[in-house]
Amino acid sequence: MTEETKKTKIGYYPGCAITKCSTSEEYGTSVLGVSRVIGPELVEIGDWNCCGASSAHATNHKLSTALSVRNISLAEKDGYDEVLAPCPMCSQRLIISQNDVHEDKKLREEVEDAIEMPVSSNVKVSNYLEIIKNYSMDEIAEKRKKKPEGLKVASYYGCLLLRPPKILKFDDPENPTTMDEIVAAIGAEAVDWEFKTNCCGGGFTLSRPNVVVKLTHDILEGAADAGANVIAVACPMCHANLDMRQKNIEKEYGRRFNIPIVYISELIGLALGLKPKDLGMDKHFIDTDFVVDAFSNIEE
Amino acid sequence: MSKKIGVFVCHCGTNISATVDVEKVAEEAKKNNPGVSYTTTYKYMCSDPGQKLLRDKIKEEGLDGVVVAACSPKMHEHTFRNASKKAGMNPYHVEISNLREQCSWVHPDKPTGTEKSIDLVRMMTEKTRKDKSLNPIKVPVTKRALVIGGGIAGIQAALDIADAGHEVVMVEREASIGGHMAQLSETFPTLDCSQCIMTPKMVELAQNENIKLYTWSEIEAVDGYLGNFDVKIRKKARSVDLDLCTGCSSCWQVCPSKKIKSEFDMKLGNRTAIYIPFPQAIPSKPVIDREHCLLFKDARKKNIPPNDSKVCRKCLDVCPIAPVKAIDYSQEDEIITEKIGAIVVATGYKELDDTSMYGEYGGGKYQDVITGLQFERLASASGPTEGEIQRPSDGKVPEIIVFIQCVGSRDPAKGCSYCSKTCCMYTAKHTMLYKHKVHDGHAYVFYIDIRCAGKDYEEFWLRAVEEEGATYLRGRVSRIYKKGDKLVVLGADTLTGSVVEIEADMVVLASAMKAQDDAEKFAQKLSIQYNKDKFFSEIHPKLKPVESSSAGIFLAGTCQGPKDIPETVAQAGAAASKVLALLSADELEREPVVAKVDRLPAPIFSTCIGCFYCKRVCPYGAIAEEDIKARDGSVIKTVARVNEGLCQGCGLCAATCRSKSVELAGFNDEQVYAEINSVEFS
Amino acid sequence: MKIKITTKELKSDFAKEVKERSGIDVKKCYQCGKCTAGCPVAYEMDYMPNQIIRFVQLGLRHEALTSRTIWLCASCITCSTRCPKEVKIAELMDVLREMALEEGVANPKEKNITTFHKAFLNSVKKHGRISEFWMLSEYKRKRPKTALQDIEIGPQLMLKGKLSLTPHDIKGKKSIKRIFEKFK
Chain A
1 MTEETKKTKI
11 GYYPGCAITK
21 CSTSEEYGTS
31 VLGVSRVIGP
41 ELVEIGDWNC
51 CGASSAHATN
61 HKLSTALSVR
71 NISLAEKDGY
81 DEVLAPCPMC
91 SQRLIISQND
101 VHEDKKLREE
111 VEDAIEMPVS
121 SNVKVSNYLE
131 IIKNYSMDEI
141 AEKRKKKPEG
151 LKVASYYGCL
161 LLRPPKILKF
171 DDPENPTTMD
181 EIVAAIGAEA
191 VDWEFKTNCC
201 GGGFTLSRPN
211 VVVKLTHDIL
221 EGAADAGANV
231 IAVACPMCHA
241 NLDMRQKNIE
251 KEYGRRFNIP
261 IVYISELIGL
271 ALGLKPKDLG
281 MDKHFIDTDF
291 VVDAFSNIEE
Chain B
1001 MSKKIGVFVC
1011 HCGTNISATV
1021 DVEKVAEEAK
1031 KNNPGVSYTT
1041 TYKYMCSDPG
1051 QKLLRDKIKE
1061 EGLDGVVVAA
1071 CSPKMHEHTF
1081 RNASKKAGMN
1091 PYHVEISNLR
1101 EQCSWVHPDK
1111 PTGTEKSIDL
1121 VRMMTEKTRK
1131 DKSLNPIKVP
1141 VTKRALVIGG
1151 GIAGIQAALD
1161 IADAGHEVVM
1171 VEREASIGGH
1181 MAQLSETFPT
1191 LDCSQCIMTP
1201 KMVELAQNEN
1211 IKLYTWSEIE
1221 AVDGYLGNFD
1231 VKIRKKARSV
1241 DLDLCTGCSS
1251 CWQVCPSKKI
1261 KSEFDMKLGN
1271 RTAIYIPFPQ
1281 AIPSKPVIDR
1291 EHCLLFKDAR
1301 KKNIPPNDSK
1311 VCRKCLDVCP
1321 IAPVKAIDYS
1331 QEDEIITEKI
1341 GAIVVATGYK
1351 ELDDTSMYGE
1361 YGGGKYQDVI
1371 TGLQFERLAS
1381 ASGPTEGEIQ
1391 RPSDGKVPEI
1401 IVFIQCVGSR
1411 DPAKGCSYCS
1421 KTCCMYTAKH
1431 TMLYKHKVHD
1441 GHAYVFYIDI
1451 RCAGKDYEEF
1461 WLRAVEEEGA
1471 TYLRGRVSRI
1481 YKKGDKLVVL
1491 GADTLTGSVV
1501 EIEADMVVLA
1511 SAMKAQDDAE
1521 KFAQKLSIQY
1531 NKDKFFSEIH
1541 PKLKPVESSS
1551 AGIFLAGTCQ
1561 GPKDIPETVA
1571 QAGAAASKVL
1581 ALLSADELER
1591 EPVVAKVDRL
1601 PAPIFSTCIG
1611 CFYCKRVCPY
1621 GAIAEEDIKA
1631 RDGSVIKTVA
1641 RVNEGLCQGC
1651 GLCAATCRSK
1661 SVELAGFNDE
1671 QVYAEINSVE
1681 FS
Chain C
2001 MKIKITTKEL
2011 KSDFAKEVKE
2021 RSGIDVKKCY
2031 QCGKCTAGCP
2041 VAYEMDYMPN
2051 QIIRFVQLGL
2061 RHEALTSRTI
2071 WLCASCITCS
2081 TRCPKEVKIA
2091 ELMDVLREMA
2101 LEEGVANPKE
2111 KNITTFHKAF
2121 LNSVKKHGRI
2131 SEFWMLSEYK
2141 RKRPKTALQD
2151 IEIGPQLMLK
2161 GKLSLTPHDI
2171 KGKKSIKRIF
2181 EKFK
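Chains as they are written, first to last, in my numbering: chain A, 1 to 300; chain B, 1001 to 1682; chain C, 2001 to 2184.
One should not assume that every hint holds.
Simulated crosslink set (DSSO-like; lysine-lysine; CA at most 30 Å straight-line) [said to hold, decoys possible]:
hint: 1; chain 1: A; residue 1: Lys152; chain 2: B; residue 2: Lys1414
hint: 2; chain 1: C; residue 1: Lys2160; chain 2: B; residue 2: Lys1414
hint: 3; chain 1: A; residue 1: Lys105; chain 2: C; residue 2: Lys2182
hint: 4; chain 1: A; residue 1: Lys152; chain 2: B; residue 2: Lys1532
hint: 5; chain 1: B; residue 1: Lys1532; chain 2: A; residue 2: Lys169
hint: 6; chain 1: A; residue 1: Lys247; chain 2: C; residue 2: Lys2111
hint: 7; chain 1: C; residue 1: Lys2160; chain 2: A; residue 2: Lys247
hint: 8; chain 1: A; residue 1: Lys214; chain 2: C; residue 2: Lys2177
hint: 9; chain 1: C; residue 1: Lys2160; chain 2: A; residue 2: Lys166
It should be emphasised that the hints constitute simulated quantities derived from the structure, not laboratory data.
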């Protein structure tokens, strides 16, 4: 890695779910914590707004597009070439919206009128795995302090990082490997399993919990049967559904999984020797002590 | 110079006359076009009475030029030129004005159509005034055919040609002839054993005295033209002398490399490094796979001649032939040239065996997800399991098999939009073969549409359902994943509107028939055209189905597009009959519409400046460099020369020539300018 | 499922309207059913995804727009990803939902889902970002039957400091209002 890229400043678009005092704040905390150690430098873009998430795109395409694109325009205004949106709901919406306005001139004009800014097609929106893979793999190897023991990680990608593949252009939509590479880089074992890209039920957490319980059951079962003892995620919705629903699943299916669900950023943080509390390891529903303890050996 | 020209305007039923006032066109031609002495219109000029009218009027009116204003010259130029020839006129004084494809069909209203038609006829009249008599070019014919590919298509074509008494050279790139048909277990719709009907044909071919067989050989280059091809064949080093070897099998029995994946068994079985591909191979003599042979590996590693390697040498030691052994490590590729009159291309297809683009089906990582041809090998008595259906991972007899149709076919998202045509039938056959061998087994077929349109085909697949108990589910499979030792198949049945989940022991993908990997390169070598999927193109899908775009080269079998065995054999027979028609003449007549580079008296010799742009643009390789020499043999200049046998008269060279030294007969500058200048631009 | 198809439906411009709004050409679908086969929520739907496309193909507007399926689609985009004809099925569901809301025909049985979307967007409209606490309370207020569901989760979240009563207001709230005004 050249000095040039090391210094890269990347616009940071946290999105609602991972900011402080939100349901997935540990994701944001750990992403920022890790970036302070291995870069790249993340700077929050000014006065960003909610991308509208599923609720906007499911009910009002133009609204969804404008809400998302506004953030990209703000990032360009702040002078960033690249924006990290760690929440895949956000990154997917931002990229799709950017693509939609690029392909549809009329939509572009309407959106520009609504957000009162020109839309930008120069800013690249990246997800968290992309950022790590593109900027930080060498740094992880260099600055790794703890070697995990006995961790068998099922890398779970879900939907939003990968689909639609033609627009997101990230990894293999059927058999992605980026997260597995990161897991390997921190010295843990990535298990081969079949449910990497299955849907967890996403936004149906509240409105259709029965759907979520079934889908997350299948995913947990797939991970457990493949021998995984922890599931790594990079999505607040995947995390919430898998972490919060294990009790309901036990009630419904009679199988107790008790598998900790951790953010990939938390795993990186633990490997770098960051304090578990600073990574939000205490904020989970399923106890993460087992994962934290796995990182007790200092690397030679 | 003052020609008497007749103009014959065709109504083409109402195809032309509905949009063009044909009477007016005829009238105008007579009134305004210099040289026109007779005009008429007729309902169908191409009909018998229409042609008779043409012949009669040429004689009665003493015409020495004719313009037929009708359909495209591609359609009937030949017809009218023949008719005029019968009336004693040189046929190259007949020109066609295309009033149908280029006028009546594309213009909606009569005034425009008529006006344009009048112009078109005037243009052709002007050209006709400058037409010169041309005479067909005669080329001698080498009475030998080349058949490229030794599958069922090639074998059939070669036998048909040889049986008619002509010599055939067959080139097969594998070590044995037989192709895919030799790999099949039983064939639809009769379920007769493929090898039982194939092997006798292979033997017949090998024993036919008119057929010279080159296996383990490839086409290096094809030069020359219709009737007179020079074909260079690369005989790849086999490391075995075919004349000496008796096929006694001692060598491959002692070969220590026993775990090489057999191509013939679609990698489900093993072979040795010196091997015959399958027991019935023709020739029944081995080849050394130099990539895997220990001796050759050693020689490569040490960078020494193979013969100097001391590693293994077991096959040589055991070879009983004396005094000279049949095994020869030092053999090298050999290039042979054969003179050929006509060529049949029967290079076949390749099964889609790389399913990596189907990540949702495991992308090739599941051992028990196999392809159609792999299933053929499992079901074949000569296959790796001797015909017992066992799954590759653990040899277990599957209790449930899921068959998935249209894998790689009808799937534009995976880059393959066409239907492979044979899979509906072979999948139905697979379910039957499976049920015959595993009576209590369950066969589930996911399909989108059933396309079984051959003779007895509909009955065949229905038999699979009604009598043999296969269950057909209408839907494409979305995903296969592994659960324990089972494969979970997620499909749909759109007829009930349901999701279907089946835990299978094995999955068979009805993989597409694809063009050979090197089809594009090969087509370029032969200057034949191919379609977007790299299947070779026939000239006309209905009327010239076995003719390639190059004269004298014919197509047979799946290299032209997916087809089954009956269709392949029929097409091979058709190609053979076309070859026989060519070889039956001592001389061939060719259209004289060819290019010529001028030759002038000394000291100029030719206006050609030798830039050879023409050579670069010629798609047929028809331009050669010719040295013009002085009496003492010294070269004065090098100029272009057109090989009339190869030239197809496209005119690219004439258009490209900077010194205007090339003339296309029948389309010279004078004629073309006369045409253009006759258009009144308003 | 008792649907009678007459020339009235067959002649309708429904497919054309969908194409004009979204660019999605349902004519391309040859009904292979791969979308249905891979849909994780299909088992809950009243019509299979391929049937929804069929409705659009044949002009069955009412059936498509009043279906529960369009609301149950989780937008996981597995269908569009694997579609051999590259029909954007998941994106089609978005358009149909939008049309159903515009025409006031959204299936009342999936009111939980529509109410959730509304509560979510209300929060965005008001604050520029999601205030999870207030969004949830709006949802629970409007769908009282769900009030007891997940009753234990809320307090746990609060204990972990993950559910804040203070909304995250952005400075440019006006600009967000403008966007909502423009695209009602």
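Legend entry - Restraint check for Lys2160(C) with Lys1414(B), where alpha carbons must lie at most 30 Å apart: 48 Å, violated
Inset, instruction - Please work out if Lys2160(C) and Lys247(A) have their alpha carbons no farther apart than 30 Å. - result: Distance of about 18 Å is within 30 Å: holds.
Legend entry - Distance restraint between Lys247(A) and Lys2111(C), which requires alpha-carbon spacing of 30 Å or less: 26 Å, holds
Legend entry - Straight-line alpha-carbon gap Lys2160(C) to Lys166(A), limit 30 Å: 39 Å, violated
Legend entry - Given hint Lys1414(B) paired with Lys152(A) - CA-CA distance at most 30 Å: 34 Å, violated
Legend entry - Restraint status (C-alpha distance of Lys105(A) to Lys2182(C) at most 30 Å): 17 Å, holds
Legend entry - Straight-line alpha-carbon gap Lys1532(B) to Lys169(A), limit 30 Å: Holds: Lys1532(B) and Lys169(A) sit about 26 Å apart, inside 30 Å.
Inset, instruction - Decide if the proposed pair is consistent with the structure: Lys152(A) and Lys1532(B), CA atoms, cutoff 30 Å inclusive. - result: 47 Å, violated
Legend entry - Straight-line alpha-carbon gap Lys214(A) to Lys2177(C), limit 30 Å: 38 Å, violated
Of the hints listed earlier, those the structure fails to meet are numbers 1, 2, 4, 8 and 9, in rising order.
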